[in-house]
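There are 2 protein chains.
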Amino acid sequence: MDAAEFRRRGKEMVDYVADYLENIEKRQVYPDVEPGYLRSLIPEEAPEEAESYEDVFKDIERVIMPGVTHWHSPYFYAYFPTANSFPAMLADMLCGAIGCIGFSWAASPACTELETVMLDWLGKMLKLPEDFLAGTEGRGGGVIQGTASEATLIALLAARSKIVKLIQADHPDRSETHIISKLVAYSSDQFCATLGTTPSCAFDCVTELGPICNAEKIWMHIDAAYAGSAFICPEFRPLLNGIEFADSFNFNPHKWLLVNFDCSAMWVKNRSDIIGAFKMEPLYLKHDHQESGNHSHWQIPLGRRFRSLKIWFVFRMYGLKGLQAYIRKHVGLAKEFESLVRADQRFEISADVVLGLVCFRLKGSNELNETLLKRINNARKIHLVPCQLAGKFVLRFAVCARTTESRHVQEAWCHISHLASELLQELPH
Amino acid sequence: MDAAEFRRRGKEMVDYVADYLENIEKRQVYPDVEPGYLRSLIPEEAPEEAESYEDVFKDIERVIMPGVTHWHSPYFYAYFPTANSFPAMLADMLCGAIGCIGFSWAASPACTELETVMLDWLGKMLKLPEDFLAGTEGRGGGVIQGTASEATLIALLAARSKIVKLIQADHPDRSETHIISKLVAYSSDQFCATLGTTPSCAFDCVTELGPICNAEKIWMHIDAAYAGSAFICPEFRPLLNGIEFADSFNFNPHKWLLVNFDCSAMWVKNRSDIIGAFKMEPLYLKHDHQESGNHSHWQIPLGRRFRSLKIWFVFRMYGLKGLQAYIRKHVGLAKEFESLVRADQRFEISADVVLGLVCFRLKGSNELNETLLKRINNARKIHLVPCQLAGKFVLRFAVCARTTESRHVQEAWCHISHLASELLQELPH
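Chains B and P are the protein sequences, given in the same order.
Counting from 1, one number per residue, gives the positions in the first sequence under this note's numbering.
Counting from 1, one number per residue, gives the positions in the second sequence under this note's numbering.
Think of the hints as simulated: they come from the structure by calculation, not from any bench.
Accuracy of the hints is not assured; some may be wrong.
One copy or any two copies: either way a pair holds, since identical chains are not told apart in the list.
[What the hints assert, rightly or not] Pairs of lysine-lysine residues, derived as PhoX-like cross-links and limited to a Cα-Cα distance of at most 25 Å, are as follows:
id: 1; residue 1: Lys-363; residue 2: Lys-381
id: 2; residue 1: Lys-11; residue 2: Lys-58
id: 3; residue 1: Lys-286; residue 2: Lys-374
id: 4; residue 1: Lys-381; residue 2: Lys-286
id: 5; residue 1: Lys-165; residue 2: Lys-363
id: 6; residue 1: Lys-182; residue 2: Lys-165
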């Protein structure tokens, strides 16, 4: 395929993408396929000879779409949202074309520099303490990781590297292995200090945890993977109070801030802590501007894509106000669903509804709720996943898609309520 | 931006991308900017109000392009290639639109299943031993990691988890911490067993290492990040001999197999080894087809994009023959450059030219070669990086771009040769 054919096929794909997203609610949100469905639909080996684009393109509907769970359908209420916006998709096209591997400043200065500045923009939107910003002379700064899991791992490794150095400064006779074998990591059953847990969007009290960590020289990492996006709204910013005690912080704009996956934003107060844990510099990566930010020292992978383009496009095309309105709309829809649940005496709300997630259940046994969830998902009209809260089987209703409106939430509730009625009528009185 | 505007802007972006790649050789391969150039070109904070797309679009040339190192220019010979092809970009557009987070089979069956089948396709192209394939009943299988570093880390963790279980089976009294503190990892100065090192594309003798590892129950991981793509050609496949002794293997189609970054292919003989090290299953990730491949158990991140689409598009639109022709062309260009160097008595070849990398230097001091490289890169006509081989400062000429032709290689050599002449004339006789 040459550039001329790409012009033609690329434009067809733009239309396909627009059609897909415009009409997504007509597709069944959860697929009907059984495990192994795909292998039988395609050859066992790659073709020897090139195939035509037409043949590839028509297989999207034949092979792929029947097995897709449509995360961007307004009938998708499972897990947590994953971001999807047109500006982010345009930026990703540009990212693919530039195709630089930004492991050092020299490998593509724009890639490293835009990322640093975008993480400053985002840090200011969240009103992070100044310590976390790079600015022109700051000691802190941000970096894009792939996922929150990676950010947490990086924080752990940085914390370990820092404390080993501290202890060795006082006790030069102790080996690294010996020190590491004595280290302890504290966590809740959701792991690190979490603002907005996955099961129920619960918040750890970091204003209490923080001073203890600081006094005891414990590295505090805060993960706000889902909830973090909401902190751009002044009314939700208090949920981030205590951040000033943290050493590192991350959240996922790829969840709820309209920046397509993957984009997990991570900040540290002292970037030397994190760089110290990872720095590795063979000659082929050395260049004249060695101190100008080598983000590969902030992460496990060496290579990295030009992901900050997505942030730049999205923030500029929505503006802070547009992004705030988006968050508020989703929270509003969750509150609307909460009211519907509360108005039905058969149901109970299982956790405070703080942001876009509603945890709810039928008053009754876990088995009853498991059956209800099974019927909801088997009906394929909407898609939910459960969680376990204090031994109880709970249904999670997460407002996910960019195009979810009040009518979808109302429709989802009618559907759930109807299935619940059917189920309860079947029970022996 | 709504779907209607995306249709228009997306098509403009397709043209911009096609223009960029068609005319890339007219752009200076390495940028002129100094560190910090970008911060002064854009505002210090994200805008409150939405901006127009026109304003964002025109900033690509004003803000971004002046700071881009053009990895896909035929004058780029630095590091190793990073893949860039039109079919992969089309697939990435689709991947962005579907935007599923394929951490489990249920989260999007097509995402998990196509990945498994594509890794089987690719494994067959490399003639990997049957053990590494998933098939319908195999115990092995492949997965896409982001980078080779991640694949290596996963292999280390899987190896650790496996040996701890083995030792605990014989010695139930020994704690995991105690066992781990006694473990040893063997590596060369390029880390694990490597086929095609980064400095010089050297090959470890895995047919010698392998039997020792097997006899001593040492997990053998082989990394062929760059060279692996070449193994699809029968004439280069012998370089992979010994793979039958390995427990895990990875290479990067995103380097040399026309699949855009990120796409590092990793296979294991026993997928239970790797899954055992990572399995983590909260209720919200459980589903009815739990055993149908949850790739999040194969990696550090939980989330994952639909990256196998890129492989599917590229393999079908090039065909195996097209991909082989691409590899052979690059190797041919490297051999052509090698001949030019060998024909010039002032230069020497510093390592066997096996694939697309030529390591060479002026006969003389390291300082002389450092000066030559500095002049080459300062002239900005081509871009190279150095390496160190047995204490010698060596220049690396890696054939990188998809559009590199003989004329570019000839031109690059004329340029290097000319700069060398200038430099040598300046020296005192």
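What hint numbers does the structure not satisfy?
Going through the list in order, the structure violates hint 5 alone and respects the others.
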